[in-house]
Amino acid sequence: MAIIEVNEVRKTYAGRHVVDGVSFSVEEGEIFGILGPNGAGKTTTVECVEGLRIPDAGTVKVAGLDPVADHDRVTRLLGAQLQESELQAKLTVREALELYASFYPAPVDWRPLAARLGLDEKLTTRFAKLSGGQKQRLFIALALIGDPKVVVLDELTTGLDPRARRDTWKLIEEIRDGGVTVLLVTHFMEEAQRLCDRIAVIDRGKVVALDTPAGLIRQATGSTVISFVPSRALTGPDLTRLTALPGVASVTPPDREGTLTVHGTDETVTPFVALLAELGVTARQLRITETSLDEAFLDLTGQDA
Amino acid sequence: MQTETTTAPATTPGPGAARRRGPATAVLIAETRLFLREPGSLFWVFVFPSLLLVILGFVPAFRETQDDLGGRRVIDLYVPISILLAMITAGIQAMPPVLTAYRERGILRRMSTTPVRPSALLGAQILLHGAACLGSALLVTAVGRTAYGVALPGQLPGYLLALLLAVAAALSLGAMICAVTPTAKAATAVGSGAYLVMMFTAGVWLPVQVMPDILRRIVEITPFGAASQALEQAASGSWPGWIHLGIVALWTAGMGVAASRMFRWQ
Numbered sequence: 008m009a010i011i012e013v014n015e016v017r018k019t020y021a022g023r024h025v026v027d028g029v030s031f032s033v034e035e036g037e038i039f040g041i042l043g044p045n046g047a048g049k050t051t052t053v054e055c056v057e058g059l060r061i062p063d064a065g066t067v068k069v070a071g072l073d074p075v076a077d078h079d080r081v082t083r084l085l086g087a088q089l090q091e092s093e094l095q096a097k098l099t100v101r102e103a104l105e106l107y108a109s110f111y112p113a114p115v116d117w118r119p120l121a122a123r124l125g126l127d128e129k130l131t132t133r134f135a136k137l138s139g140g141q142k143q144r145l146f147i148a149l150a151l152i153g154d155p156k157v158v159v160l161d162e163l164t165t166g167l168d169p170r171a172r173r174d175t176w177k178l179i180e181e182i183r184d185g186g187v188t189v190l191l192v193t194h195f196m197e198e199a200q201r202l203c204d205r206i207a208v209i210d211r212g213k214v215v216a217l218d219t220p221a222g223l224i225r226q227a228t229g230s231t232v233i234s235f236v237p238s239r240a241l242t243g244p245d246l247t248r249l250t251a252l253p254g255v256a257s258v259t260p261p262d263r264e265g266t267l268t269v270h271g272t273d274e275t276v277t278p279f280v281a282l283l284a285e286l287g288v289t290a291r292q293l294r295i296t297e298t299s300l301d302e303a304f305l306d307l308t309g310q311d312a
Numbered sequence: 016m017q018t019e020t021t022t023a024p025a026t027t028p029g030p031g032a033a034r035r036r037g038p039a040t041a042v043l044i045a046e047t048r049l050f051l052r053e054p055g056s057l058f059w060v061f062v063f064p065s066l067l068l069v070i071l072g073f074v075p076a077f078r079e080t081q082d083d084l085g086g087r088r089v090i091d092l093y094v095p096i097s098i099l100l101a102m103i104t105a106g107i108q109a110m111p112p113v114l115t116a117y118r119e120r121g122i123l124r125r126m127s128t129t130p131v132r133p134s135a136l137l138g139a140q141i142l143l144h145g146a147a148c149l150g151s152a153l154l155v156t157a158v159g160r161t162a163y164g165v166a167l168p169g170q171l172p173g174y175l176l177a178l179l180l181a182v183a184a185a186l187s188l189g190a191m192i193c194a195v196t197p198t199a200k201a202a203t204a205v206g207s208g209a210y211l212v213m214m215f216t217a218g219v220w221l222p223v224q225v226m227p228d229i230l231r232r233i234v235e236i237t238p239f240g241a242a243s244q245a246l247e248q249a250a251s252g253s254w255p256g257w258i259h260l261g262i263v264a265l266w267t268a269g270m271g272v273a274a275s276r277m278f279r280w281q
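Those sequence lines, one after another, are chains A and B.
All letters in the first sequence, in the order written, are residues 8 to 312 by the numbering used here.
All letters in the second sequence, in the order written, are residues 16 to 281 by the numbering used here.
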């Protein structure tokens, strides 16, 4: 059952279509990623889900409720961590947890929650004195304190060091394992690939792809990457034949180490090996890999690396 | 195709819900704690007005009865003036930067995603600053009474009415500053400018009662000039003039309406 349904949502600011007909639905229990470059309309989209913005057109439903018209009921089902939001500078962690717990009809006990998020030793620390990672963990705690069915996490790991980021990823997986659906906004491929069950790639206000991480990679042109150092320099006609192999999207000329890179599909591999044999060329340091989600993303959003 | 009806999971309040503190109370308690952690605001609102009164009392001439003040002393005039100073400080120096920072830092937005409206936060802050004004008024009155034998207000109900109206005026002016300034920095700048003007009209440098005639008539139409006159009249035993009370009330209503119309939540 879809817990979040976003249907043809549009939002225009000063004549610019920030969100231009976005549709997706999030199934209960999944981690759903919204991936896209900065300024693609990710945050505006989730703000419509949170009821912070009213779409110009289209509909949003959270558990069948309208986030604007049924704002009160939606806030009890949906916990949010906002991009660039803070708390009162001199509020302590404990006070923040108690305060936000008082907002909900049936909150979870904040003590085990704080312990799970590693905040139990910071309870008397004021918000302004927390590190970036601790602030983010506190915001995760506040998003979970009302015992929500869904949490929206917007650029949760931006600005965290790699260690804190990995710790946060573990927390997000634990949230999902606890039965809470996660809507995750990110611009980190690695994060999306590691965490998300499905990803909507948003670019310039539109969903350009929606699939599992593996599916997105398959969708990208030239998803199979063959790299090798030829035992002798390939001539012009050789390269033409290489480019003409089935499924080849591109052939990158030799780099400084003499490595040639061919972007193709699974169908490219066998004819490629046959061609090398026919040309009498040995492929040194031959590697056949899948493209990364990074490259798939750049391909899907039409951006240059 | 079968249609699936989506029903919202019922959010039945837990058995402990009734015993727990209401959100509005919780917000007020949290904001009170935060308010008490601002030594700067506490000093300027709570301590400074009383301190000013003590220092002025060191001037011997201020403790002598003067015929042109109707047999009152300068120090007598400075009790209501010091109280007005506390209100102006709380309303336009202390409060606007707090509220604009709450907006600027996304604290109001964060609260919008909970079942509690962010207006609870603004309400708590306004209430706290109002309470601080009244607390400071009590302190100034006590200090004036014990240190310099300043008589308690002769017309107490009229005095209290003028006092409450003046607090409301200071808070609505502060709220209007929050509404028209985009950042905490701008609120501080606008607040400082307004602060000087309001201190002058309240009579901090020169009591309204001894201002030259034409200047006094102008100052009397400002919120704190009118409040100063109303408080002084009630202090010396008569019911404050309705025209003065009316002017304060009118300013309060006008600025309050303007503030709520223009306030941006994000």
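Note that these hints are calculated values from the structure, not bench results.
One or more of the hints may lead you astray.
[Said to hold, decoys possible] Straight-line alpha carbon distances no greater than 25 Å define the calculated BS3-like cross-link-like pairs of lysine-lysine that follow: (1) A/K97 <-> A/K68; (2) A/K129 <-> A/K97; (3) A/K136 <-> A/K156; (4) A/K136 <-> B/K200; (5) A/K129 <-> A/K142; (6) A/K97 <-> B/K200; (7) A/K177 <-> A/K68; (8) A/K97 <-> A/K136; (9) B/K200 <-> A/K142.
Hints violated by the structure (listed by number, smallest first): Hints 1, 3, 7 contradicted; others consistent.
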